[in-house]
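Novice: In the UniProt record's numbering, the protein residues as written are 1 to 407.
Derived from the structure by calculation, the hints contain no laboratory data. Positions of the beta carbon are idealized from the N, C-alpha and C atoms, including for glycine. A couple of the hints might just be wrong.
Simulated pairs of lysine-lysine, DSS-like, Cα-Cα distance not exceeding 27 Å [unchecked claim]:
no., residue 1, residue 2
1, K149, K111
2, K335, K362
3, K102, K335
Simulated restraints, written as ranges between beta carbons of each label pair [claimed, not checked]:
no., residue 1, residue 2, range
4, K117, K166, 37 to 45 Å
5, S29, I282, 46 to 54 Å
6, K295, R356, 18 to 26 Å
7, E19, H364, 14 to 22 Å
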Amino acid sequence: MSSNPQFHGLFPGFSVPMEALPSILAGSSILFISIFSITTGNPAWSVFRIAIAPIAIYFFWDYGYGLYPTAANQVAVGMAFIALYFIMRAVETTFDDFLDDKPPLWVYDGKELPLPKTVAGRALYSLDLLTSLRGNSWFENTHWNWASKEVLNPPCSTLSRSRYVKQALISCVLQYIVIDILDTINRSRTWDLSNPHPITSLPISEQMIFSVSLCALTALGITFPYAIMSGLAVALGSPPANWPPMFDSPFSATSLANFWGQRWHLIFRRVFSRLTTGILRILSMPPAISPYKRKFTRAVLAFVLSAGVHVVLMYRLHRENQQYPYTFFDPSILKFFLSQPLGLAVEAFLIIPLSRTLLLEKSHTMVTRVWAWTFMVWSGRFWSDAWVHGGLWGERERGAGFSVVRG
């Protein structure tokens, strides 16, 4: 596809190599068939899903990690991101009977619907589930029974289509300006990709700036294209309620638990939740364990899974930058993701009890908010090391196609 560098940062999808598209289409088709088999309601079809899962995984892996030349590291990591997500979808779909007591079901107007019986209904069910990241549906007044409360009844559900499209357009303009400003900050220096610690080797003040910049750009990298996509979809007739925000005001998080549990995006929540459920069942965690311990164990497993996913994700960039030193189990990635459960534990057992004991009630939220962002900026430096060392702020990358700030 297009190799125009104007598209790399804002629209990496426009630069995906044409040769890679058959693999993602083949993998998605097999996953569609796997989901379709769930609609039979017959557990015997799980054997069929196990048989075809390796084929789907092969095609997804080939899409993300095949020897396809890419125009920028952003394109390569985007392809790998999609591949890993769908590989996990293939795994959790394959073992659906083991992970859940009942299959995913549509909820229409608050009422849970049974599995569809007609071929057309089953096909629509399969396509809708295949393309649902967070539990929302393409159909009006409909969502999946596993959708989190953040997806249900979003503020945008009360907007008219014209109002939603107008807000999406304004949001795109404002986000573009912020992306341009942050991209200008990131390009204020030439990054030495041979240095495995390009951020944490800087003075502490600069470490903080680039850590915050990467956090903001990570969110904007999701919300900017989503604003365009959702605005177009609603303009073409899709209900605004089907397009809830990707984030719930993450920078207003009141605690670390609030940030990860409610404010950050939910793209991986479903697959991580189901995979951790499988791990807990395999480990036969006793049901008598306290709800808090079970919840914390799930959080630890989710961050371990996330660390593994991001290790493999950044491995994709090694092929793009083979001249630079590389460690598969990048310590910077592990430090960031594996430190998050520690931060949650310190918050729960130290920060919150101390603030309740020593401070007035109105000061509790201020303390946990300061703690959350101090910890996130501190730990974000490690992920920034991995990000920059991977070449994602290199010379051939483009955060903004045309710079309003730089001219």
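Novice: The structure should be examined with respect to each hint, and the outcome stated for every one.
Specialist: Here's how the hints hold up against the structure:
1. K149 to K111: 15 Å, holds
2. K335 to K362: 33 Å, violated
3. K102 to K335: The given pair, whose Cα atoms are some 37 Å apart, is violated under the 27 Å limit.
4. K117 to K166: 37 to 45 Å: 41 Å, holds
5. S29 to I282: 46 to 54 Å: 30 Å, violated
6. K295 to R356: 18 to 26 Å: 20 Å, holds
7. E19 to H364: 14 to 22 Å: With Cβ atoms ~55 Å apart, the hint is violated.
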